[in-house]
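A.B. asks: Spelled out from the first residue to the last, the chains are:
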Amino acid sequence: MPFWMNAIGGYTELATRIVVMGLAAMSLNFLLGFTGVLSFGHAAYFGLGAYGAAMAIKYLGVGSIPAILLGVVVATIAAMIIGALIVKLRGVYFAMVTIAFGQVFYFIAFRWNAVTGGDDGLTGWHRLPINFGFAEFDIYQNDRAFYYFALVIFAICVGAMALLLNSPFGRSLIAIRENERRARFLGVPIEFHVWLSFVISCLFVSAAGALYALLNNFTDPRALRVDLSGNLVIMAVLGGMRSFWGPLVGAAIFVALQDYVSSQTQNWMSVIGLVFVLVVRFFPRGVLGMLRGARA
Amino acid sequence: MSQVVLFNVFNGLIVGAFYALMALGLSLILNLSGVINFAHGGFLALGAYLAYTLIPYTGFWIALLVAPLLTAALGLVVERILIRPLYGQDPLYSLLLTFGLAYIFEDMTRLLWGAQSVPFQVPQWLMTSLSSQYFFLTGYRVFMMVIVAVAVGGLFAVLKYTRLGMRIRAGTRDLDTVSTLGVNVRVLRSLNFGIGIYMAGLAGVLAAGLLGLSPTIGANLIMPSFVAIIVGGLGSLLGTLLGGLLIGVVSGLAAVYFPSATEAVIYVMMGLVLLVRPRGLLGEEGRLH
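One line per chain: the protein sequences are Y and F, in this order. Take 0 as the starting number for the first sequence in numbering that gives the first Met the number 0 and just add one per residue. Take 0 as the starting number for the second sequence in numbering that gives the first Met the number 0 and just add one per residue.
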């Protein structure tokens, strides 16, 4: 097991799930925390990445890395189209529309039994070991190997996001977040930047989704539903929207909590709901936000 | 037109009436307070379950009257304690909070009343058909349409002719000015929220009789309400009403010709509206923020 997991009494699969959800939450935060745009439908792209990868493996028999790429491509194209439709909206209306679009994909996955397996999910496939010719990594049988694989993908995506955020493009996104009107006066092309931020955010979230499908060797419509979207947002807020690593911290707490609570009680849904309420009322700046404030 | 198409259109109109009733409540709260009440479905379910609990003691009619009021009362409490502190903040927070509330509501109803569907007793004489040719014209369905029409008509009347209604309407345009004119804005928002929740509770009682009652009844109806608001037009209550009916009918037609797309078709409509006219059918300019 990854060494830090031992310390908190977890298990490898939990660690991998934290990495995957951390990536998803950080991708969402690219749009939410850094551009200031509230998307409540990111599960749609997470799920598209998951289904894309799963269907690629099941129907085309590709390897793990091409599967991820395919999932990402599918989701990114969807994000580009949908993003173009909604980029003129803001605030609550943007959020509502993203929720609604998320649900379309949920219903498609739910109904299209023949292709997606419907409510039962897409089964009968599994991730294949990676074969580079000179070295083979068995990420299927070996949980720990898959954890490191996920960690590599995580590092690549997070690195890319960090580069983007530190670039002039990233600075203009923050400008849009802080004062959109002023940014517009300064000549920042708002709609294009928001669209681009949306697409980038969805791209990385779909990578997380593809990883998620590979992790479970399974995917189902629940990966597309609005509750997952809500969970991603709360992870970002819980960890701290304004910090880069915040969502990872939030994801770790949330995933571990969910795992623990669902093993203890049937009413885990109430506990999760309570987490939402408490975070909003008492910790809106999140864990890292509070620590930062305490230091300053 | 064949019986099947008529049946589905009529059914669609009824379901659309539910969507409209719920969406109107959502829209009221959204327009005045800028809060997306994700827990609206939870309040709907609560109204239905409260009625279900009351019916054995008070009969259907009293329950129909009382359950929405009780739900609205709970709504007022929730507004005062949880939502009021969030006004003026990023809409993200009220969305997250009501999202969490929705979870809690669903779980609590499951805890209190069980996860299975429960039988919802509607007076027997309402269940008979009114026409031998159109068998689906049961008394209950017509009755529901009447109640919804009365509720919606009542809402519009309150908004147009009472002082409270006038203040709400003014508030949706410019709450700050309304406040400087001496109106107690906090009370206004509370009452507005209460009215919105009343509509949800009422929709719940009616829907339970038609669709059956289970803990997920609210979650199923909330998404179409969102779409009704988007399609009908942001900021326009009449638009929301029409939007609800429209998507209900469209959904009903889809059930005849494209059964597997029954749910998805309303989102397709939403996509089309966004593409062609982002502010919705009856929406007002400049309301996109």
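Please note that the accuracy of each hint is not assured.
[To be verified] Derived DEER-like restraints, expressed as beta-carbon distance ranges:
no.: 1; chain 1: F; residue 1: L68; chain 2: Y; residue 2: Q265; range: 26 to 36 Å
no.: 2; chain 1: Y; residue 1: G158; chain 2: F; residue 2: L111; range: 45 to 55 Å
no.: 3; chain 1: F; residue 1: L111; chain 2: Y; residue 2: R241; range: 49 to 59 Å
no.: 4; chain 1: Y; residue 1: D142; chain 2: F; residue 2: P258; range: 34 to 44 Å
no.: 5; chain 1: Y; residue 1: H125; chain 2: F; residue 2: R276; range: 38 to 48 Å
no.: 6; chain 1: F; residue 1: P258; chain 2: Y; residue 2: L290; range: 34 to 44 Å
no.: 7; chain 1: Y; residue 1: L290; chain 2: F; residue 2: V186; range: 36 to 46 Å
no.: 8; chain 1: Y; residue 1: Y10; chain 2: F; residue 2: I80; range: 32 to 42 Å
no.: 9; chain 1: F; residue 1: R276; chain 2: Y; residue 2: M79; range: 15 to 25 Å
no.: 10; chain 1: Y; residue 1: L164; chain 2: F; residue 2: I61; range: 54 to 64 Å
no.: 11; chain 1: Y; residue 1: H125; chain 2: F; residue 2: L64; range: 56 to 66 Å
no.: 12; chain 1: F; residue 1: Y256; chain 2: Y; residue 2: G62; range: 36 to 46 Å
no.: 13; chain 1: Y; residue 1: H125; chain 2: F; residue 2: P258; range: 43 to 53 Å
[Said to hold, decoys possible] Which stretches of chain Y does chain F cover? Using the computed rule of at least three CB atoms under 8 Å from a CB of chain F, they are:
no.: 14; region: 82-95
no.: 15; region: 272-283
Worth flagging that the hints you see were computed from the coordinates, not collected in a lab. Note that CB positions come from ideal geometry on N, CA and C, so glycine has one too.
A.B. asks: Does each hint fit the structure? Answer for all of them.
C.D. replies: Hint-by-hint comparison with the structure:
The hint said 26 to 36 Å for the Cβ distance between F:L68 and Y:Q265, and at roughly 31 Å that hint holds. The hinted window of 45 to 55 Å between Y:G158 and F:L111 holds, with their beta carbons roughly 49 Å apart. Remark: the range hint 49 to 59 Å for F:L111 to Y:R241 is contradicted by a beta-carbon distance near 39 Å. Checking the proposed 34 to 44 Å range against Y:D142 and F:P258 shows it holds: the Cβ atoms sit about 42 Å from each other.
A hinted range of 38 to 48 Å for the beta carbons of Y:H125 and F:R276 is consistent with their spacing of about 47 Å. For the pair F:P258 and Y:L290, the supplied restraint of 34 to 44 Å is violated, since their beta-carbon distance comes to about 53 Å. Taken as a hint, the range 36 to 46 Å holds for the pair Y:L290 and F:V186, whose Cβ atoms sit roughly 39 Å apart. Between Y:Y10 and F:I80 the CB atoms are about 39 Å apart, so this pair conforms to the stated range of 32 to 42 Å.
For the hinted restraint 15 to 25 Å between F:R276 and Y:M79, the CB-CB distance of approximately 22 Å keeps it satisfied. Under the hint 54 to 64 Å, the C-beta atoms of Y:L164 and F:I61, about 60 Å apart, fit the expected range. Here the CB-CB span from Y:H125 to F:L64 is close to 58 Å, well matched to the stated 56 to 66 Å. Against the hinted window of 36 to 46 Å, the Cβ-Cβ separation of F:Y256 and Y:G62 comes to about 42 Å, which satisfies the hint.
Y:H125 and F:P258 have their C-beta atoms about 33 Å apart, which leaves the hinted 43 to 53 Å range violated. With a threshold of 8 Å between beta carbons, the proposed coverage of the region 82-95 of chain Y by chain F holds, since 10 of its residues qualify and at least three are required. With 9 residues having a beta carbon nearer than 8 Å to a beta carbon of chain F, the region 272-283 of chain Y meets the requirement of three or more and the stated coverage holds.
Violated hints, listed in ascending order, are 3, 6, 13; each of the other numbered hints is respected by the structure.
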